[in-house]
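Q: The primary structure of each chain is shown beneath.
2 protein chains.
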Amino acid sequence: MAKEKTSALHENKGVSQPKDTNTRAIKNIRTKRNTKLNTKALVASILKSDTVALSRAITLIESNHPSHIKQANAIIKACLPYANQSIRIGVTGVPGVGKSTFIEAFGKYLTSKGKRVAVLAIDPSSSLSKGSILGDKTRMEALVKDEHAFIRPSSSGDSLGGVARKTRESIILCEAAGFDVIIIETVGVGQSETTVHSMVDFFLLLKLAGAGDELQGIKRGIMEMADAVVINKADGDTLKHAQLAKVEFNKALQLYPIKASRWKPKVMLCSALQNEGIDSVWKLISDYIAITSKNHYFEKKRQEQNKFWLIQTIETQLKSHFFNRPDIKKELEQQLELIKANETTPFAAADYLLNL
Amino acid sequence: MAKEKTSALHENKGVSQPKDTNTRAIKNIRTKRNTKLNTKALVASILKSDTVALSRAITLIESNHPSHIKQANAIIKACLPYANQSIRIGVTGVPGVGKSTFIEAFGKYLTSKGKRVAVLAIDPSSSLSKGSILGDKTRMEALVKDEHAFIRPSSSGDSLGGVARKTRESIILCEAAGFDVIIIETVGVGQSETTVHSMVDFFLLLKLAGAGDELQGIKRGIMEMADAVVINKADGDTLKHAQLAKVEFNKALQLYPIKASRWKPKVMLCSALQNEGIDSVWKLISDYIAITSKNHYFEKKRQEQNKFWLIQTIETQLKSHFFNRPDIKKELEQQLELIKANETTPFAAADYLLNL
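Quick mapping for you: the protein sequence lines, in order, are chains A and B. Going by full-length UniProt numbering, the letters in the first sequence line up with residues 1 to 356, in that order. Going by full-length UniProt numbering, the letters in the second sequence line up with residues 1 to 356, in that order.
Don't take each hint at face value.
For each label pair, taking beta carbons as the anchor points, the in silico distance ranges come out as [claimed, not checked]: (1) B/326 / A/28: 36 to 46 Å; (2) A/351 / B/41: 19 to 29 Å; (3) B/81 / A/94: 50 to 60 Å.
Below, simulated BS3-like cross-link-like pairs (lysine-lysine); rule was C-alpha separation at most 25 Å, straight line [claimed, not checked]: (4) B/340 / A/307; (5) A/307 / A/319; (6) A/330 / B/300; (7) A/294 / B/340; (8) A/307 / B/330; (9) A/300 / B/330.
Which residues of chain A face chain B? A partial, calculated answer using Cβ under 7 Å [unchecked claim]: (10) 306; (11) 309; (12) 319; (13) 339; (14) 342; (15) 346; (16) 347; (17) 350.
FYI, nobody ran anything at the bench for these hints, they're computed from the structure. Don't be surprised by glycine CBs; every beta carbon is placed ideally from N, CA and C.
Okay, chain A solo, but in the shape it has when bound:
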């Protein structure tokens, strides 16, 4: 009908919409509506064991964006009534000990028994770009493909305290998603074992049999925390070494006082590669759960861990809040100079700073 030669792509000029009178308010309402929808939907999906929703929620937990933190807290709160039902197992060992092979074999064994297994990792070294322990995509291939398993690398670039909080909160979501066993993996560096130990029910130390002198190089305190020492690669040529190591570890474990759990730590052999001894490890952990449930230590330990994390978080925040104040930073340096010059004492300086 039109006489002018126009393109088929021609568009009539429309009437532009009037500007929003209060863009900020509209944005707020939209975000809120969106968030509400997402939170509700995410929680519903998590409770239906949807691992995509679980992943998205953990990503929110790992974010430091204020709106994400808010939404993450809402999701955690909604998931809390469904949490606490799993068995939490910590697995630690130096690099090369075969942690991923062990966890894969162990995880596959559990899923074959009808259990649902989640693997989370605490890896402070990844924040120093040394690579995440779960970052290697070729690891745990069989477990990754298992529909009853969920594997999640740790968030990197965070302090150990931050990673710890995020892992603890991820555990809650995994439990709400119906996972029966949560495995927390960590490499034997820095303070990470202590952190993992304080968030699991059972702490498993993975070792390798060398040529004697097995106790050398074990970090102070690690042996004391272990509920079981599992010597991996107990196969072929190294089987004999492993058997000798077992004797040595058993001796060493007897030197420690009896644990509050009344549980006597055990030493076991396994070959994750040959899939040998994996069932015994699960049997051992089941025994531990049965004993500590009966003597109420299981529940007591979880409550103590809760209190530990509550107090720990408060103390860390109090300190960081105080020492990050610009006036304190400045005056602290000055007070240290005054102490050096014999003009004040550390105690008088502390009083002065606290009264600022």
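Please arrange chain B on chain A, whose structure you already have, making use of the hints.
A: The following block gives chain B in isolation, referenced to the frame of chain A:
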């Protein structure tokens, strides 16, 4: 002249003085005047090595009365420019190892060489009415009578943190009073060695030779802190045992990494009762002082200790201030109940408490 029969003790009725118009102000002025005088006089006497004044000042440091604290702080401030000139030696060992006999023999040796020696004690156990380690009046009789020595038991009934502060401050006064060597004695219980270690230049572990297995029963970390292990009662029948123990301790010390001081801890034998080996201990400490003065570790360590006590005091105060707030006490219990009931997480609870 008077006609009535009156007693020789008769007194005419006087005119009563008008009441002070401002009793509080007058009291304040009087106290202030008194304090000023005392503080000045006390400091002057301390600087003249008057041990009675030193004792009185330490009593003020040990008091928790606000006016005493104020005066003590003024005295410390005035003494500070004269402090820092002594050698501070920590001596620890389990009960029965012969600490007092050793300190007496060591102290007498030093005073015979023209040194002035002060002995202070950190004894957290005394607060549990187990008796102070220096409370026994019959101990160190010869040293007590020595005019170049000053012996002061620890204040009891206080937390280890409180005792530590008071001891650190007493060190300053002893140094201002011209003592060349300050010995801090502690029993090998609880955290007291760590506390002593962080306020001395040289840390001496006193041991006894038994029948083999010398390393058993040594508390974790103590060996690492020691600059010297001195095996006491190396005389008569036990000399052979002591010699064997020396070999064993030497082996054990080699397992630890090299210290920041570059000092290699030594093992020595002595018999405090027979007065044997005491001179060698002093020779060893003098060597240590010479080496660490040359490599500047001596001064560096003192500055690090100052920073440690500054940060430590602040952190303790921040925590105690927060957790002693009546509202926090009440709400903390409630939050723990909510965590138990799966209605909040330790982290959300911490955020809540911190925002109160």
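Q: All hints are to be evaluated individually against the structure, with a verdict given for each.
A: Now for the hints, and whether the structure bears them out:
Checked against the given bound of 36 to 46 Å, the beta carbons of residue 326 of chain B and residue 28 of chain A, roughly 38 Å apart, stay inside it. Look at residue 351 of chain A against residue 41 of chain B: about 25 Å separates their beta carbons, and that is inside 19 to 29 Å. Between residue 81 of chain B and residue 94 of chain A the beta carbons are some 53 Å apart, a value that agrees with the proposed interval 50 to 60 Å. For the suggested pair residue 340 of chain B and residue 307 of chain A, the alpha carbons sit about 10 Å apart, so the restraint of at most 25 Å is met.
At most 25 Å may separate the alpha-carbon atoms for a hinted pair to count; residue 307 of chain A and residue 319 of chain A meet this at roughly 18 Å. Distance check on the hinted pair: residue 330 of chain A and residue 300 of chain B sit about 22 Å apart at the alpha-carbon level, within 25 Å; holds. Of the pairs offered as hints, the one joining residue 294 of chain A and residue 340 of chain B holds, with about 19 Å between alpha carbons and a cut-off of 25 Å not exceeded. Restraint check: the Cα-Cα separation between residue 307 of chain A and residue 330 of chain B comes to about 15 Å, which is no more than 25 Å; the hinted pair holds.
Of the supplied pair hints, the one linking residue 300 of chain A and residue 330 of chain B holds, its CA atoms being roughly 22 Å apart against a limit of 25 Å. Restraint check, residue 306 of chain A versus chain B: the minimum CB separation of about 5 Å is within 7 Å; hint holds. Below 7 Å, beta-carbon pairs count as interface contacts, and residue 309 of chain A has one with chain B at about 4 Å; its hint therefore holds. Interface restraint check: residue 319 of chain A against chain B, minimum CB-CB distance 6 Å, threshold 7 Å, status holds.
The interface hint given for residue 339 of chain A holds, since its Cβ lies 5 Å from the closest Cβ of chain B, which is under the 7 Å cut-off. Restraint check, residue 342 of chain A versus chain B: the minimum CB separation of about 5 Å is within 7 Å; hint holds. Interface restraint check: residue 346 of chain A against chain B, minimum CB-CB distance 4 Å, threshold 7 Å, status holds. Taking 7 Å as the C-beta cut-off, the interface hint given for residue 347 of chain A holds, the closest approach to chain B being about 5 Å.
The restraint placing residue 350 of chain A at the interface with chain B holds, with a minimum CB-CB distance near 4 Å, inside the 7 Å limit.
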